[in-house]
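One line per chain: the protein sequences are A, B, C and D, in this order. Sequential numbering from 2 applies to the first sequence in this note's numbering. Sequential numbering from 2 applies to the second sequence in this note's numbering. Sequential numbering from 2 applies to the third sequence in this note's numbering. Sequential numbering from 2 applies to the fourth sequence in this note's numbering.
Worth flagging that the hints you see were computed from the coordinates, not collected in a lab. Note that this is a predicted model, so its numbers are computed, not measured. Take these hints with a grain of salt, some might be off.
If several chains are the same, the list does not tell them apart, and a pair holds so long as it fits within one copy or across any two.
Said to hold, decoys possible - Taking lysine to aspartate or glutamate and the EDC-like style, the derived pairs with C-alpha atoms no more than 20 angstroms apart in a straight line are:
1) Lys311 to Asp26
2) Lys311 to Asp324
3) Lys79 to Asp93
4) Lys12 to Asp73
5) Lys12 to Asp264
6) Lys217 to Asp324
Number of protein chains: 4
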Amino acid sequence: MRAIVFDNPGKMSLVDIPEPVAGPDEILLQVDAAGLCGSDIHAFLGAFPAPFPYVPGHEVAGTAIAGGGNTDPRMIGKRFVVHPLRQCGHCDSCRVGRINFCSDLSIYGGNLQGGFAERVAVHQSCLYEVPENLSSEEAAFAEPLACVLHGLGQIGVEAGDRVLIVGAGSIGLLLLQAAISSGASRVSIADLVPAKLETARMLGGHANDLSVDTNKHAFDLVIDATGSPSIVGGLTRFARDGGRILFFGVCPPDATIPLAPFDIFRRELTIAGCFSLVREIGPALRLIGSGAVRVAPLISARQPLEGLEKALSFHDHGGTTSDIKTMMIPSLHP
Amino acid sequence: MRAIVFDNPGKMSLVDIPEPVAGPDEILLQVDAAGLCGSDIHAFLGAFPAPFPYVPGHEVAGTAIAGGGNTDPRMIGKRFVVHPLRQCGHCDSCRVGRINFCSDLSIYGGNLQGGFAERVAVHQSCLYEVPENLSSEEAAFAEPLACVLHGLGQIGVEAGDRVLIVGAGSIGLLLLQAAISSGASRVSIADLVPAKLETARMLGGHANDLSVDTNKHAFDLVIDATGSPSIVGGLTRFARDGGRILFFGVCPPDATIPLAPFDIFRRELTIAGCFSLVREIGPALRLIGSGAVRVAPLISARQPLEGLEKALSFHDHGGTTSDIKTMMIPSLHP
Amino acid sequence: MRAIVFDNPGKMSLVDIPEPVAGPDEILLQVDAAGLCGSDIHAFLGAFPAPFPYVPGHEVAGTAIAGGGNTDPRMIGKRFVVHPLRQCGHCDSCRVGRINFCSDLSIYGGNLQGGFAERVAVHQSCLYEVPENLSSEEAAFAEPLACVLHGLGQIGVEAGDRVLIVGAGSIGLLLLQAAISSGASRVSIADLVPAKLETARMLGGHANDLSVDTNKHAFDLVIDATGSPSIVGGLTRFARDGGRILFFGVCPPDATIPLAPFDIFRRELTIAGCFSLVREIGPALRLIGSGAVRVAPLISARQPLEGLEKALSFHDHGGTTSDIKTMMIPSLHP
Amino acid sequence: MRAIVFDNPGKMSLVDIPEPVAGPDEILLQVDAAGLCGSDIHAFLGAFPAPFPYVPGHEVAGTAIAGGGNTDPRMIGKRFVVHPLRQCGHCDSCRVGRINFCSDLSIYGGNLQGGFAERVAVHQSCLYEVPENLSSEEAAFAEPLACVLHGLGQIGVEAGDRVLIVGAGSIGLLLLQAAISSGASRVSIADLVPAKLETARMLGGHANDLSVDTNKHAFDLVIDATGSPSIVGGLTRFARDGGRILFFGVCPPDATIPLAPFDIFRRELTIAGCFSLVREIGPALRLIGSGAVRVAPLISARQPLEGLEKALSFHDHGGTTSDIKTMMIPSLHP
């Protein structure tokens, strides 16, 4: 079976690997679509820890073609989205439902084979059926949208909130729509690339230039979707007194920003981080299914497995391209 | 000045009353539009306690034409929405922000003169400026939408919720849109009047026939917007295990429904009531302003003060008419 | 191995059953102590559905004496509390963390062998280590306290709350202490049995006679711990406007109470039910360990397995005895 | 009337000022006790903005001796605690209940005369009656305890939380007790002064040396009560993954700490600040009244107005003295 392998930082290959076999509680999926995530790129570039060598791809939708003995035969032929986190279920974190901090976490597209391959075997507890009205490509967005819902859940969105999002890539555009769907009355969004802002406008956002003069203390909620420390370090000034700031983007592990604790105290600010997802795949699928979150406009390219290297090269330029989401389609042929 | 007076249950008159004068902290508004609320009708019919005789109208938008000595002259000429609750500020409830339970509450359109009149004097702390892009008629919906936001805040809406609303009158249609705007992925709505369901569909709802077979335990959140005890008494069966039920409609004060406490326990249900509004006018105006909540389609009639009696007669038939919201326009002439 | 079996409603026996064997992910516990719960009694009397015949006992603490191949050998010799719910992990409820509504739930002391036996085999994901400073008897209270914390979590306790609890049995006395530990400033508690009220007083409660004259609308939070419909039906009148009511007690499945929906609306009341527990064993053990919740004073009797029939007979009299918690000690001999 | 005046940074005087007269909505209080707060000291030293010259003292309890025309004559002779924030009621912040960010805020002990004087006139909406079982000295702690409850409300305390507090001054010792009363199972507390730790232990805390080896990632909630940037900058390492950090102490306005945004993201940390109080005086009085929070042990000195200069000098040494709370008693004579 053909699969992408990230061999070590900066080196990838398209190889033949043994056909995955569904264990007793597993379903074998034919991969229909697998989104390329910013964290895949960070990991490939060595900026985020990864279990080299491995088969990446954690935003996966596919069709069940075989199943283990403990699975329901009626699943075969149906389409599913993969929850990439497979919890141990025993550790202190799992016991309180914080599976994103499982001390023995297995991850599809990490230490478990991911979806940048023709097929993948997935534990049935990690599969969510795709509604009929959604394409597999759309369904593959359930994972990043679940991360977005998890993040918004950490910081909270209140009815009527005025929100600022910095970064209009695929995550920024999902945050934009999820914020509107969670009660925001107005979402301002900033990016260097006009084409991305154009997409943001089409999805309900208002372009913002981050001018301090006009934006100072103006937002109930401010969200970073860039991972750039120089951006993140300036965000508190955009939050109103009593406001909230969400660090969603992935900054370099060793970067620091200067924070004034007096400002946090005196202006009663709250800063929250969020990591991965927990239980949000179901709600994410429903919001995509209802049209509340539109994902098709975010697909800027489709690639066969052979096209991943090219797709990665698009991203490797400081986020100045107009590319939003590359969807890997293993059944495509170059 | 011409004003409607509810003299006693079932009797109203259109009379000349003394011109209101703005006190030191008050603004005199020329009433642009004042919505007719179901509770006005309940009160008129004697089904809800009211301070007869009084000038009703608590969903008011108007233009400032004069102001007392403590007010800002720049307010003159601007348009404002009225928060109908004027708190005492001293009582135990006010001190903890529950102004809807103020022990010495004054209410515009209750014990204070309301908006079914040519002009009304309002304390400046009860005025919210209308954004330029909204008509006064649209802005007058800020009050009922604020009540809806307050109700949803009492029971909570979570991302991806499946919601059932019974009743597609003006409140039901605001609940529908506010639920979608608060995270609901799908809102089902039931009503006896096809035309109302048609409006509901246009605003994003899905018509529902309340069949127990297809709806049993199917919803995360169930909301009554009818005030009919026979409806309210059957709502728990539509909520999933762990689900929530909101009593928004105004049932007769002496009606009871049978509730099975074992069902509440075993299925971990939550039932909440909600009364009036507290601090939600600002968010309501913002959500109308952003287009997240569309109110123009809810206006089914405009009436001069002379038309109120006729408008009340439309409603006095068990909710089977297609009327949704009557907007009183004091400047209209019959 | 000796074990209690509930054969069918009203009939129990003490029999020899095959020795349990720890499966690969299981630990075999020597049962140190197992509390007798009101729901055991309800089930025995046929008032609550139960999988007859079965070995009851779901409030269990024991010492690990053997373990399956996937378990850590260092667990042997340590003491553990049992989480009685073993989730399937696959169903819609488990995926969102509502394991108390697992559609394929296994329960120790229900369809899985419980702790009214000499030994019990338990899945390692259901075991929580007992801190050294706690006796096994004290630790066995972690399960009912976890249910209490789950219930308070459903309805919420706010700093300074004035709380009324009806029923001063073992659950009422845990609710009392958990409410104080969660922010209540004053907890009033009612019971027919003076000795129970005396214990309540010792644990920080204030005796209350439920007089409507002195208690009307007086409490932020009202909790039923009786399961008596006639009590439950009168609770809303004790809650202040905006107050909350928790149905913790188990009423007969077919009983109904009359509820005035206008009252729920006008006084903005919230009623919540709660069922079982989810993730609260850890916090419960910590609160017992810290002394915030004192459980030793709740133990009114210790019984060998032979003594269960006698213990049940104490309870079978409408709650008028002074018995609070019977602790079954399988190692005791009559 | 004798009163303390802070003339400008570093200079204070004890002078005769005109007798305050109660306006129509005001009550004249004879000051019984007024606590000296750390922020008084900061302001006096010029480290916190203050409206020089002014009469400080915002933790005030006194006895009503006269009242304006709109006040209830039955208030005379009763004792009251002062809520120091007098809101404008009109601004955007007041309208949503965030009176601590009122744009036209008046503060007793700031731009309004405070309690370091023989008498003070206070608006009736800012007065809370003292329960009979509390001394005025104890009641004067309602204000700092309300700030503490407000802070804990911003960050949240969950049942069973393990909490670390740095600083065992009067605020640290109130945080300690409020955290226990809000669900904490174990509160660790650090300070340089052994006598303070001794008091902390008596109030339920566990002394902690902040060793990174034993405390790394060990706490659900970490709270700064020092205002020292070097302390605050090291706190995230003590929080577990998913943990929370509260900045309660007042750092110098221009100080910054280095924060690693990757750490916030990857470990899903939440940092919150809190400023002043909003609506927590009532709950604070109730928790002091119930004994849940013991304040008498925090009083380390009582001073007549003449003694303030001496009291300030105790504090002016980097927090290394064993002084906790100085209570100013205007009726004392030197």
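Violated constraints from the hint list, given by number and in increasing order: Structure breaks hints 1, 4, 5, 6.
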